[in-house]
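Colleague: Sequence:
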Amino acid sequence: MKRGTKLLYKKIFAGLLGGGMLFMPNWSYALPSGGQVVTNNGTITAGGKVMDITGSGNVAIDWNSFNIAADEIVNFKNMQAVLNYVSGGSKSEIFGKLNGAGVNVFLVNPNGILFGKTAQVNVGQLTASTRSLEKAALNSFNGSLSPLDAGGAANVKADIINLGKLKAGKLVLEGNNLSIIGSDSLEVADKSKITLRAGENINIGYEVTDKTTIDVGDGKGNTHQVSDYGKGGGDKASDVLSTASVTDLKGSAKSINDAMLVHDVYELQAIDRNTGTINGSSYVVGNYMLAGDIDAGDTKNWNSGRGFDPIGRLNRTGNGVTGSFSGAFDGICHSIQNLYIRQIGNQYDGYIGLFEGIGKGGSVGNVNMAGGHIEGTSNFGSIAGLN
35 MKRGTKLLYK KIFAGLLGGG MLFMPNWSYA LPSGGQVVTN NGTITAGGKV
85 MDITGSGNVA IDWNSFNIAA DEIVNFKNMQ AVLNYVSGGS KSEIFGKLNG
135 AGVNVFLVNP NGILFGKTAQ VNVGQLTAST RSLEKAALNS FNGSLSPLDA
185 GGAANVKADI INLGKLKAGK LVLEGNNLSI IGSDSLEVAD KSKITLRAGE
235 NINIGYEVTD KTTIDVGDGK GNTHQVSDYG KGGGDKASDV LSTASVTDLK
285 GSAKSINDAM LVHDVYELQA IDRNTGTING SSYVVGNYML AGDIDAGDTK
335 NWNSGRGFDP IGRLNRTGNG VTGSFSGAFD GICHSIQNLY IRQIGNQYDG
385 YIGLFEGIGK GGSVGNVNMA GGHIEGTSNF GSIAGLN
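Counting in my numbering, the final residue of the sequence shown is number 421, and the numbers go up one at a time with none missing.
Hints in this document: simulated from the structure, not taken from any laboratory. What you are looking at is a predicted structure, and each value in this text was computed from that prediction instead of being measured. All residues carry an ideal CB built from backbone N, CA and C; glycine is no exception. Take the hints with a grain of salt, since some may be wrong.
Okay, derived cross-link-like pairs now, DSS-like style, lysine-lysine, Cα gap no bigger than 27 Å in a straight line [to be verified]:
| no. | residue 1 | residue 2 |
| --- | --- | --- |
| 1 | Lys284 | Lys191 |
| 2 | Lys131 | Lys227 |
| 3 | Lys83 | Lys199 |
| 4 | Lys284 | Lys169 |
| 5 | Lys288 | Lys204 |
| 6 | Lys204 | Lys225 |
| 7 | Lys204 | Lys131 |
| 8 | Lys169 | Lys111 |
| 9 | Lys227 | Lys199 |
| 10 | Lys83 | Lys191 |
| 11 | Lys245 | Lys265 |
Computed spacing ranges between beta-carbons, pair by pair [what the hints assert, rightly or not]:
| no. | residue 1 | residue 2 | range |
| --- | --- | --- | --- |
| 12 | Asp86 | Asp269 | 34 to 40 Å |
| 13 | Gly310 | Asn335 | 51 to 57 Å |
| 14 | Gly203 | Asn98 | 26 to 32 Å |
Use the sequences and the hints to build the structure in full.
Modeller: Shown next, in the form of structure tokens:
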């Protein structure tokens, strides 16, 4: 994959770049490890692929890592509340089952938390946070966490991603960014008992019910059915979770970004059709989230070999460049595989990538570009030609 020399990176977090929003499974996890019961009233036993943690009252445990593979189970029993604090250097990756009937479970990891697609959490209450805690907070754990002050909020750097099912009587998610595959993944009967706190974005996906068709230049005409992102109808999380508490890390009101789900390469291309006018120029607008991995291999056969049409509406003017992608694109830990773009020659002397350009206010995160071929004359890269 070639890369243009003028490609700028300002706030792009992608699989090949790293950054606070990035979660890519390392597949090296096992059951939680290195657990030390700080409050001396709990017991950790593990056998095979099951770990049982029993205790009484309020239990605090300092872990080196807290991961659960898809075929593993962690059970919390008998205690009222349990604080699991990860003081090691890796994020938590939950792909299996986490059970705790009637137990108030806290999972706090300053490095980030990923609930994978196969994750099943079923507890009395769940608080997942990427805040940092001092040793004294573990020693004095009384079943709750204090609100964040300005300094504590500033130290929340990592994010929470949820692709699984979180079932609890009460739910709190707290991180720099929250990325949630859909409001139905938060299985809380009383939505007013859901609290979402984020320093930056709260992105929640939803299915677009409006449909349309597009021509992607593969010789099949205007036949590919895609979500109509211009209309964007559907059950939006901002409506479903209207009674939930949605704030920044210090408690001030915040809004949910309703992200339209993108299912395949045709819908990925359809993003470029959703435009709006900003300051007299055409921009690609809207919030988007990948519903799963996308195989874009067929793009090699599009547009007479030129491939995928980069997302964005960049225009060169005497004052520079106007137009770009001004929305939010959250890959939510998924991959775009085998994307093909080959636009060479003077007529394509522009900005080439998955996005032509990412404008001020636009954001792209949590996406891995795997394989493929992207080639241009200048100003080109895997994610964007201009940022």
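Colleague: Could you run down the list of hints and mark each one as holding or not?
Modeller: Here's how the hints hold up against the structure:
no.	hint	verdict
1	Lys284 with Lys191	holds (14 Å)
2	Lys131 with Lys227	holds (22 Å)
3	Lys83 with Lys199	holds (20 Å)
4	Lys284 with Lys169	holds (22 Å)
5	Lys288 with Lys204	holds (20 Å)
6	Lys204 with Lys225	holds (9 Å)
7	Lys204 with Lys131	holds (18 Å)
8	Lys169 with Lys111	holds (24 Å)
9	Lys227 with Lys199	holds (16 Å)
10	Lys83 with Lys191	violated (31 Å)
11	Lys245 with Lys265	holds (9 Å)
12	Asp86 with Asp269: 34 to 40 Å	holds (38 Å)
13	Gly310 with Asn335: 51 to 57 Å	violated (30 Å)
14	Gly203 with Asn98: 26 to 32 Å	holds (30 Å)
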